[in-house]
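These are the residues of each chain, in order.
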Amino acid sequence: MSDETTLSEDERQRLAAALGLEKFARLFPEAFDRACAFSGTMQSRVPEPEGIADEPAHIFHASREAEA
Amino acid sequence: MSELHYLDLVEATRLIRTKELSPLTYVEALIARIEALEPKLNAFLDLTAETALKAAREAESKVARDESMGPLHGVPFGLKDIIDVAGLKTTAHSKILADNVAAEDAFVTARLRSAGGIPLGKLATHEFALGGPSFDLPWPPARNPWNPRTMPGGSSSGAGAAVAAGMLPGALGSDTGGSVRNPASCCGIVGIKPTYGRVSRRGVVPLSFALDNIGPLTRTVADNACLLKAIAGHDAGDPASARVPVPDFAADLGKGVKGLKIGVIRHFYTRDLVAEPEMAAAIEAALETLSGLGAEIIELSVEPLQVYAGCNRVILLAEAYAVHRKWLRERPEDYAALTRERLVGGAFIPAVEYVQALRARRRLAAAFNAAIAPLDVVVTASSMDPPCEIDDAEAIAGTYARQARAPFNLTGNPALALPTGFSKSGLPLSMQIVGKPFDETTVYRVAHAYEQATSWHRQRPPLAAA
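Taken in order, these protein sequences are the chains called A and B.
Residue numbering for the first sequence follows my numbering, beginning at 11 and increasing consecutively.
Residue numbering for the second sequence follows my numbering, beginning at 4 and increasing consecutively.
Each computed BS3-like pair below joins lysine-lysine, with the alpha-carbon atoms no more than 27 Å apart: (1) B:LYS22 <-> B:LYS57; (2) B:LYS98 <-> A:LYS33; (3) B:LYS92 <-> B:LYS43; (4) A:LYS33 <-> B:LYS329; (5) B:LYS98 <-> B:LYS43; (6) B:LYS98 <-> B:LYS329.
Calculated from the model, a selection of chain B residues having no Cβ within reach of chain A, i.e. all distances over 12 Å: (7) ARG17; (8) ASP69; (9) GLY257; (10) GLU279.
For the record, the hints were derived by calculation from the structure and aren't laboratory data.
Note that CB positions come from ideal geometry on N, CA and C, so glycine has one too.
Please model the entire structure based on the sequences and the hints provided.
Structure, rendered in structure tokens:
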């Protein structure tokens, strides 16, 4: 996971309150910050959809064609 | 039969059927092996010796009476401790579920029992199938039989260690981003993530609904095909379970690879990430072996590894957070540090990013399957490095990014890891063989041909009893 620490004390407290994670952020502030940074890195790697109608498979099956 | 504990699973079933091996003698030999090595390897959270011995006696009586026997009659198996066994605790190796007793067998447990298998215990896992080897939990982490100072991979860590060490002929693990294939790679054994939907997850502690799979770990490819056959099949109790026929996965094991087209995704381990030279060289040598057996090797280029990995991680973290939010809010101190930090990452993923990852997933899976349509299977790396020291936190953290397993949880394709040799320091090297959806049979065919042309699966860890 990324070690980037990106949150100020105020930012962390506001974010933790919004998420209901006040206890977590109070006990483990560094883990909270690192997880936030790592999550952002992963999100940045998700490609944008190519078309407006690109739709997820709601119950994902690797291949409907293989189904009997 | 000088080393009963290293009998292959298929051979054990044959010997039991022909009355050359007593199920009771076999179970006793494995229990003795476990008791001798467990202090060093920590593979088991719960060894159910008494109930296994009772079941072995019953199995032996059936053999004596020539009663009909299932395909796994009298053969012990182990389960990663996120898989339910009625009446036993399913702890997920976590303080959070330390008192969680399962009311019923998981679908896969029931399947193995009905095939005649004997549950011999619950196996160590990285906490909730996501953490890493942790020293701040109620149970110690499993260790690698090839060198107990190194990690056995995970999250199905106990399954990898137990099978490689000859404590069990086979075990079941789970795989959400590579957790069957990683211990298989680290411990020099065979592990498959079947096609998504092939095996029911009912009765298994979830990590990520969209990515979770159950798969077997064994010492040989034939054993693996045998175990998968026993657990595969539709289950109306798992909403992702596919209604597909279950073939004899071992049907093509003797057919070789002559004339097969095998793609190789080199950019995963030479450009997107750069594998340890020994790992890359072993994969190239394996490709030469397959080529020498008559396969045509074809270079294949797909999306960069990081794109698949990013989508996998966003989906995994968002769904895992949905499972764990209440505990992370109320009991964060009850998780291991590594698990806690990983799980809370899901809190920061907005709904829109989760949906975009799901949209990307469908497109990436379709593109991948179109790219491999002219091929029979694809080869690429599993791990980028041999297993690292178990207490090297920085190296452990790095192993989760330095792998090429997560793409196939995203696309859903079957993917098998198997040994390709050993590093200079004596640690296992590996590769992956990836197939078309629901075509595990061809994956096993290619893996078996390679296995039989080499001797890696006959190497044993240099273990002495503790």
